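S.K.: These are the residues of each chain, in order.
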Amino acid sequence: AQSVTQLDSQVPVFEEAPVELRCNYSSSVSVYLFWYVQYPNQGLQLLLKYLSGSTLVKGINGFEAEFNKSQTSFHLRKPSVHISDTAEYFCAVAHSGGYNKLIFGAGTRLAVHP
Amino acid sequence: DAMVIQNPRYQVTQFGKPVTLSCSQTLNHNVMYWYQQKSSQAPKLLFHYYDKDFNNEADTPDNFQSRRPNTSFCFLDIRSPGLGDAAMYLCATSRGGGGVTEAFFGQGTRLTVV
Chain H
322 AQSVTQLDSQ VPVFEEAPVE LRCNYSSSVS VYLFWYVQYP NQGLQLLLKY
372 LSGSTLVKGI NGFEAEFNKS QTSFHLRKPS VHISDTAEYF CAVAHSGGYN
422 KLIFGAGTRL AVHP
Chain W
10 DAMVIQNPRY QVTQFGKPVT LSCSQTLNHN VMYWYQQKSS QAPKLLFHYY
60 DKDFNNEADT PDNFQSRRPN TSFCFLDIRS PGLGDAAMYL CATSRGGGGV
110 TEAFFGQGTR LTVV
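So the protein lines, in turn, are chains H and W.
Mapping of the first sequence onto this note's numbering: residues 322 to 435, in sequence order.
Mapping of the second sequence onto this note's numbering: residues 10 to 123, in sequence order.
Chain W on its own, in the form it takes in the complex (with noise of 0.2 Å):
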């Protein structure tokens, strides 16, 4: 079937210690969003894809940085993850131009700072 597959599914990282998240998609969608989700809150739109464009939402830390090598996958980049950055991290794709149509997601990675 296919699918929006993220990996790894939890994650442990250490106060400071960059750590990449990734996702990948059968999906052959376009556009790849990243979500970052607090316990008990609405995921927030961190960055997209368009194509190869990268889009920041304005709010998105410095800390946080995207890589789209293909249309394929998409990796989260926290370069020095804190204590406020434990969190679910969703990844969702859609098929952009032709207006709205709908979104996928993946199972998300659970991540921890310890």
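Chain H on its own, in the form it takes in the complex (with noise of 0.2 Å):
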């Protein structure tokens, strides 16, 4: 079975500053790993994938994230955040036997102060 830690609940920032959110998963097969963001009372936007290939995966809105199968984690990072960041992060596991059936992390709420 598959699972997924998201290490910090909440993150504040300030605006232009670098932020990183981090993820962990556990698994006894091969995964895939996505990043998505929710806004309030919205749904899931999918901000990055990663399938197979490159480690180091970049998605929309100027977040990258670094797969790095050795520490099973899945860190999503950006070098200087604006207000408009501000949202849920939700990390995600798909197993590669499966299609799409997602397992998430708890979320981690990004707030960005000005």
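Rather than coming from a laboratory, the hints here were simulated on the basis of the structure.
Predicted model, so just to flag it, every value in this text is computed and none were measured.
Hints may be right or wrong, so weigh each one.
Claimed, not checked - Away from chain W, derived, C-beta distances all over 10 Å, residues of chain H: (1) Ile381; (2) Gly383; (3) His403; (4) Ala432.
To be verified - Using 20 Å as the maximum straight-line C-alpha spacing, the simulated SDA-like pairs for lysine to any residue come out as follows: (5) W:Lys53 <-> H:Lys379; (6) H:Lys379 <-> H:Ser394; (7) W:Lys47 <-> H:Gln331.
In this text, a Cβ means the ideal position worked out from N, Cα and C, and glycines have one as well.
These two chains come separately, so use the hints to put the complex back together.
M.R.: So, in structure tokens, the structure goes:
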């Protein structure tokens, strides 16, 4: 069985500062990894995904993430955040034998302050 | 634009009164999912359809049912809503077969039980 741990429930940061949202996963099989963003009262929007290939993945809105198999991590980073990045961020895993049955982490609330 | 549409965005129902939430998609994806997301929690998969095949998660209560009359539409039926069923319900779709790609989410329906 897979599981996802997001190590920080809340991350406060000032505008234009860098940010890292941490995600660790547990799985006995190969997995695919995703980061989704959720704005208040909205659905989930895909930021980026790791399926195979390069371990550094670039996504929308200037976000990127690095897949580290030895540390079973998939941390999300942005070099300079904006007020509009304030949202809930979910890390998710799907095992490679299936399609998109996603197992989500508990989420990290990113709060960007002026 | 191709998308996943959920109706209504907000639904208020009485305790014990059956309610149906709907989801439609123009992506022609063969897999459709329903997730339940309670306040400040991660989305939790209730069930999914792979084509016409229904797949229930082991811990989904019997109170929750689903119908998929055709490729484009999927319904979530809650037979006797309780106060604990108040949540955001998210519909998602993906292309099945050939491995994991990505899931596309609707905007969600926020269900209030009074």
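S.K.: Could you run down the list of hints and mark each one as holding or not?
M.R.: The hints, checked one at a time:
With a least beta-carbon separation of about 12 Å from chain W, H:Ile381 lies farther than 10 Å from that chain, consistent with its non-interface assignment. Every C-beta of chain W lies more than 10 Å from that of H:Gly383, the closest at about 19 Å, which supports listing it as non-interface. Taking the minimum C-beta to C-beta distance to chain W, about 22 Å, the non-interface status of H:His403 holds against the 10 Å cut. The Cβ of H:Ala432 lies farther than 10 Å from every Cβ of chain W, with a closest approach of about 14 Å, so its non-interface assignment holds.
Distance check on the hinted pair: W:Lys53 and H:Lys379 sit about 26 Å apart at the alpha-carbon level, beyond 20 Å; violated. Proposed proximity of H:Lys379 and H:Ser394 is supported: the alpha carbons are some 16 Å apart, at most 20 Å. At most 20 Å may separate the alpha-carbon atoms for a hinted pair to count; W:Lys47 and H:Gln331 meet this at roughly 17 Å.
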